[in-house]
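Based on the provided sequences and hints, a complete structural model is requested.
Chains as they are written, first to last, in my numbering: chain Z, 12 to 206; chain V, 12 to 206.
A hint or two may mislead.
You can't tell identical chains apart in this list, so a pair holds if it fits in one copy or across any two.
As the list claims (entries may be wrong) - Straight-line alpha carbon distances no greater than 25 angstroms define the calculated DSS-like cross-link-like pairs of lysine-lysine that follow: (1) 59 x 26; (2) 135 x 188; (3) 41 x 59; (4) 26 x 41; (5) 188 x 200; (6) 200 x 59; (7) 26 x 188; (8) 41 x 135.
Don't read these hints as lab results, they were simulated from the structure. The structure presented is a predicted model; accordingly, all values stated were derived computationally and were not measured.
2 protein chains.
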Amino acid sequence: MSEERNGTRRGGPRKAQEIFDATLDLLAEKGYEGLTIEGVAQRSGVNKTTLYRWWPSKGALLGAALIGARQLELTPPDTGSLEEDLEALLGTMTTLLTERPASDIAVAVLGAVTHSPELASHVKDFFADRIAREQVVFDRAVARGEIAADADPLLLMDLLAGAAWVRIVLRQLPLEKGFVARTVRTVLKGARDVG
Amino acid sequence: MSEERNGTRRGGPRKAQEIFDATLDLLAEKGYEGLTIEGVAQRSGVNKTTLYRWWPSKGALLGAALIGARQLELTPPDTGSLEEDLEALLGTMTTLLTERPASDIAVAVLGAVTHSPELASHVKDFFADRIAREQVVFDRAVARGEIAADADPLLLMDLLAGAAWVRIVLRQLPLEKGFVARTVRTVLKGARDVG
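Quick look at the structure:
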């Protein structure tokens, strides 16, 4: 948790971390419909009027929480190997999509995309933040000469993340043993040989 | 539209096709909340009691419509080349996800996964039906010697479909020119060289 993200430096209330974590806890427990500013105030011990001062709606609060909460925190791996870094990233993703409470958050986020344009725009910001943070994994791989400088990290992450989302959330099938390693190997091999 | 699918052979009311099409039209127009058996009856010109006789709930009707309706119909391509077949499949998918009214259906289906276990189970059936229909594309490619007999069509389709879902629905980014061809080339190259 960097100081830039806990709200004090970027402009946010004290206890921003507690507020964000409480917001995603409540989303996981009660779904978007059951999420209320009142509930977040109670859970985080922060006055409701303070919350409204910073976030005019629960949609705005959820948007901030998706990026700031500890439950979805992403520290880019740095194993020294692109393959292992991608396995770590995809492994984290499959955990988020299969293990509660994170999987409840993922499903609620998915529902949120379809719920309103405002929420869809927060989900868009969340995914933009993810790829921005994942970029360093590819920068290091280019520096090590593991992948071409014109490789397309967005396409590679879409393939990896997409396989997990489709298999787990849409098909609702269990992941076979070795899914993460095989998926990464397939995508990486493809990426290395396609211009 | 095969005779097996229009309801008369599999056990369904007359005008099953009109019923399924009307169900998805209404889903696209009004979302799941606004979809009613009454509305489907009006749109399709079929008596409401007939609908209830075949499908006890709107969830059950939607489940049948996802598989039977013309809007999501999938005729597996047969171009003589796996690469071109997969481009056709992914091209159809990106069209379904980006062009109305199909994209409204896709978003509503996505919402449905999160709405109730019953709907989630219909979505699961829909995706099981898709991969079963797509299998022939891979069978033909194996017969032509284009891909190894132990290639994993499920993983390949998850990668292709997943890239489209993540890029379009989650990231909400436009598809760059050449997305379909490049995605297929990457996945196919990866699949050919990974055991």
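Status of each hint after checking the structure:
When the C-alpha separation of residue 59 and residue 26 is checked against a cutoff of 25 angstroms, the pair qualifies only within one copy, where the shortest distance is 13 angstroms, while the shortest distance between copies is 55 angstroms. In the homo-oligomer, the alpha carbons of residue 135 and residue 188 lie at most 25 angstroms apart only across protomers (21 angstroms), although the nearest pairing inside one protomer, at 31 angstroms, exceeds that limit. When the C-alpha separation of residue 41 and residue 59 is checked against a cutoff of 25 angstroms, the pair qualifies only within one copy, where the shortest distance is 19 angstroms, while the shortest distance between copies is 34 angstroms. In this homomeric assembly, residue 26 and residue 41 come within 25 angstroms of each other (Cα to Cα) only inside a single copy, at 22 angstroms, whereas the closest approach across copies is 41 angstroms.
Taking identical chains as interchangeable, the C-alpha atoms of residue 188 and residue 200 lie at most 25 angstroms apart whether they share a chain (20 angstroms) or sit on different chains (23 angstroms). For the homomeric pair residue 200 and residue 59, neither the shortest alpha-carbon distance inside one copy (52 angstroms) nor that between copies (54 angstroms) is at most 25 angstroms. Within a single copy, residue 26 and residue 188 get their C-alpha atoms no closer than 41 angstroms, and across copies no closer than 45 angstroms, so neither meets the 25 angstroms cut-off. When the C-alpha separation of residue 41 and residue 135 is checked against a cutoff of 25 angstroms, the pair qualifies both within a copy, at 22 angstroms, and between copies, at 23 angstroms.
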